[in-house]
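A.B. asks: Next come the chains, spelled out residue by residue.
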Amino acid sequence: MDLTTLLQFFINGIVLGAIYVLLAIGLSIIFGMIGIVNLTHGILYMLGAYAAVSLTPYIGFFPNLIVAPLLVAAFGMAIEAAFLRRIYKGDPALGLLFTFGLAMFLEQMVRLIWGTLGIPFQIPAALRGALVMGPIIYSKYRYFIALCSVAVIGGLWWFLEKTRYGTIIRAGSRDPDMVRMLGISLKPVFTAVFGLGVALAAFSGVLASPLAGVEPAMGTNTGTFAFVVVVIGGLGSFWGSVISGLMVGEVESFCIFFWPPMADASKFALMILILLLRPRGLLGRRWERFE
Amino acid sequence: MKKGLSRRQFIKTAGAAAAAAGSTQIFAPAILRAQQQPIKIGHLVPLTGFLSPMGDYASKAGKLAVEEINASGGVLGRKIETIVDDETNPGVGVQKATKMIQQDKVDFLIGTVSSAVCLAVMEVADRYQKVFINTGSNSDDIRGKNCNYYTFSTEASNTQYVNAIGRYLLKSKSYKSFYILTSDYAFGHDLTRVTRRLLGELGGKEIGHDLVPTNTADYSSLILKLRNANPECIIVNIAGSDQTTFLKQYTEFGLKIDLAGGVTDTVLMWNAGKEAAQGVWTIIWWGELDNPWTKNFAGKYRAKYGLPPENQAWGDYTSLKALAQAVNQAGTTDSKKVVEAMEKIKFDGGKGRELYYRSWDHQLIQPMYVTSIKKTGNKDQWDIFNVIAEVPGKDENLEVIAPTKEQNPCNMKRA
Chain C
1 MDLTTLLQFF INGIVLGAIY VLLAIGLSII FGMIGIVNLT HGILYMLGAY AAVSLTPYIG
61 FFPNLIVAPL LVAAFGMAIE AAFLRRIYKG DPALGLLFTF GLAMFLEQMV RLIWGTLGIP
121 FQIPAALRGA LVMGPIIYSK YRYFIALCSV AVIGGLWWFL EKTRYGTIIR AGSRDPDMVR
181 MLGISLKPVF TAVFGLGVAL AAFSGVLASP LAGVEPAMGT NTGTFAFVVV VIGGLGSFWG
241 SVISGLMVGE VESFCIFFWP PMADASKFAL MILILLLRPR GLLGRRWERF E
Chain R
1 MKKGLSRRQF IKTAGAAAAA AGSTQIFAPA ILRAQQQPIK IGHLVPLTGF LSPMGDYASK
61 AGKLAVEEIN ASGGVLGRKI ETIVDDETNP GVGVQKATKM IQQDKVDFLI GTVSSAVCLA
121 VMEVADRYQK VFINTGSNSD DIRGKNCNYY TFSTEASNTQ YVNAIGRYLL KSKSYKSFYI
181 LTSDYAFGHD LTRVTRRLLG ELGGKEIGHD LVPTNTADYS SLILKLRNAN PECIIVNIAG
241 SDQTTFLKQY TEFGLKIDLA GGVTDTVLMW NAGKEAAQGV WTIIWWGELD NPWTKNFAGK
301 YRAKYGLPPE NQAWGDYTSL KALAQAVNQA GTTDSKKVVE AMEKIKFDGG KGRELYYRSW
361 DHQLIQPMYV TSIKKTGNKD QWDIFNVIAE VPGKDENLEV IAPTKEQNPC NMKRA
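Protein sequences, first through last, are from chains C and R.
Heads up, the first sequence is in this note's numbering, so the first residue is 1 and it goes up one at a time.
Heads up, the second sequence is in this note's numbering, so the first residue is 1 and it goes up one at a time.
Calculated directly from the structure, the hints in this document are not laboratory data.
Incorrect hints may have been included.
Stated by the list, open to error - Straight-line C-alpha distance at most 30 angstroms; calculated DSS-like pairs for lysine-lysine:
(1) R:K256 x R:K63
(2) R:K374 x R:K274
(3) R:K405 x R:K173
(4) R:K375 x C:K140
(5) R:K321 x R:K171
(6) R:K256 x C:K140
(7) R:K145 x R:K413
(8) R:K344 x C:K140
(9) R:K256 x R:K60
(10) C:K140 x R:K60
(11) R:K171 x R:K336
(12) R:K374 x C:K140
(13) R:K346 x R:K321
(14) R:K394 x R:K379
(15) R:K344 x R:K63
What the hints assert, rightly or not - Listing some non-contacts, in silico: residues in chain C with all C-beta distances to chain R over 10 angstroms:
(16) F159
(17) D177
(18) L211
These numbers come from a predicted model, not from an experiment.
The beta carbon of each residue, even a glycine, is placed where N, CA and C say it ideally should be.
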């Protein structure tokens, strides 16, 4: 394997990882803040893709990067306010059961509304084709994905670390009672955080929509992979998800070069290995709330 | 998705049925009453899961065939009706097939798209001695080492598919180096086994081979690997929506290596769209074939459902028509007699030549079509294929692409 090939597979691993990172961070902050393991995450990712496909004829592709996540987030927040909110205090299994059932329900709804057939959807004309840089030939659209991911991850980090709202969210996820005692109502914060997580899922869905087929089963596997990434990175850890997503992307990319049948399984193998070494994941810390 | 009756509907229907039964009892002799009961056919289609797009076409085409058969006087003077149910996996398929035979008292079974389900359902058909027509499963084993007396295949076998593209490549191209991509499950392995036999005949060299997991969402690394290997032709033996995903991403990376695929479904190319679809592929039937049968079927289907039919619709429609013809010819619904009639019938299936089920492996013997993607002058988004070859050619025997007795380990026990 020469250096150019090595570099190509490395770049590809980063791009693959970028989508995993976006998905995983959404899942991770929902869990960190609300303590709900959101099994509808993959389905909300799919809804993002379907929203993009449905809206593109009217507004073009690029506005979807903002419009579609907002729409899906509004839908997610409505669900949080109507249902999820009622089960925070109950058994954690309730959250699992509810989101699992909701995922099945939504997937069938998508079949009823958009049909069981996949929908053909192409990369926007401006980003079609490959970009040649010296010996490296790589898809333009995938560079675009990488850029979008960096922007969103950076923006999110700034929001969580540097703003007042971010501070409330981080504090609320550690010690909700103390935050309440300080006179801050966490109810709207929970709704907003759920919406933020959902928006991230939908955003990855929009980015992924031109790459794979947009069809009702597209969310199932993706949701599972997002979980794997979160578990490797450590539940609730921002940078844990970033590092883990990129790692999973790289492992998958190189695995396809050396041993393709293992490509899917490689994520799970990595997860087992990491959990054996660090049971809370790479950057997972002890959380009194959940242990 | 299961069709259920509400309580109210049930009472209404049951009441009407009771009234009807009562009136016939009074006015008609017993023998007529028996004849007026419809002939029931269990129709298994994938309604959920990754094959569900094909299931949708299959069930719609089935309904159209039933309407037409009944409109032209039914079978043996009786109406026919289908009972449609899901066949998502082998367990469900067996359960549903058994229920259809035991509870619904169906006379025959048709359907299945997944080979795994088909292999399981054909055992049920054999056990209960009911004719079963496989409409969409390709595995060679169905008509090979697992073949049985009651099972017929309208769908072509993997060998027929691969031999079709193979004979085309042999005649028209001179590729020397090949790279094979194989879906890592029974279907893909089966295809690649036949492909390798074929490469031997072509004198081509296999410079690489990769097994690819099913439901892979991203092929970018694999595509980089293909570019490095730089074969003259890539043989794509991956199935279902994976094919669509692969094509979209292959086009995205702008590789110029030719693609050839043993098996495709129309839906997969529709989903990829003419921008991303490329390569040459074998297909069993295509709605724009230039013959009266196809024009009639495609026209009726489109008038009823607003969309053109694809190859799975063809499979289920043709199977029901063939079954009706065989039952009429047998003069009875007794499956043993119907099998004998199925082995004798010849019919037009929209492929320009008389088709028939081969008596020793019950495979429909038929020509296949090698297609390329229509990039310009498309009538609409559905107009995606150019047929570039009919294989075997008009002057050749249809059996040349089907496996020979030596190649095919089918030893069925005749009833």
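A.B. asks: All the hints need checking, so say for each whether the structure fits it.
C.D. replies: Quick rundown of the hints versus the structure:
1. Proximity of R:K256 to R:K63 is assessed by CA-CA distance (about 43 angstroms); at most 30 angstroms being required, the pair is judged violated.
2. A C-alpha spacing of about 7 angstroms is found between R:K374 and R:K274, which places the hinted pair at or below 30 angstroms, so the restraint holds.
3. A hinted pair counts as satisfied when its Cα atoms are at most 30 angstroms apart, and R:K405 with R:K173 qualifies at roughly 29 angstroms.
4. Straight-line distance between C-alpha atoms of R:K375 and C:K140 comes to about 23 angstroms, which keeps the hinted pair within the 30 angstroms bound.
5. Taking the CA atoms of R:K321 and R:K171, the gap is near 35 angstroms; set against the 30 angstroms cutoff, the hint is violated.
6. Note on R:K256 and C:K140: the hinted pairing holds, with a Cα-Cα distance of about 17 angstroms set against a maximum of 30 angstroms.
7. For the given pair, R:K145 sits about 12 angstroms from R:K413 by alpha-carbon distance, which is consistent with the 30 angstroms threshold.
8. Distance check on the hinted pair: R:K344 and C:K140 sit about 58 angstroms apart at the alpha-carbon level, beyond 30 angstroms; violated.
9. Of the supplied pair hints, the one linking R:K256 and R:K60 is violated, its CA atoms being roughly 39 angstroms apart against a limit of 30 angstroms.
10. Proximity of C:K140 to R:K60 is assessed by CA-CA distance (about 41 angstroms); at most 30 angstroms being required, the pair is judged violated.
11. The suggested pairing of R:K171 with R:K336 is violated, with an alpha-carbon distance near 43 angstroms, which exceeds 30 angstroms.
12. For the proposed pair R:K374 and C:K140, the alpha carbon gap of about 25 angstroms is at most 30 angstroms, so the pair holds.
13. Our distance criterion of 30 angstroms between C-alpha atoms is met by R:K346 and R:K321, whose separation comes to about 11 angstroms.
14. A C-alpha spacing of about 27 angstroms is found between R:K394 and R:K379, which places the hinted pair at or below 30 angstroms, so the restraint holds.
15. Restraint check for R:K344 and R:K63: the C-alpha separation of about 26 angstroms stays at or below 30 angstroms, so the hint holds.
16. Its beta-carbon lying about 29 angstroms from the closest one in chain R, C:F159 satisfies the requirement of being farther than 10 angstroms from that chain.
17. A cut-off of 10 angstroms between C-beta atoms confirms that C:D177 is not in contact with chain R; the least separation is 41 angstroms.
18. For C:L211, the non-interface assignment is contradicted: its Cβ lies about 6 angstroms from the closest Cβ of chain R, within the 10 angstroms cut-off.
Checked against the numbered hints above, the structure violates hints 1, 5, 8, 9, 10, 11 and 18; every other hint is satisfied.
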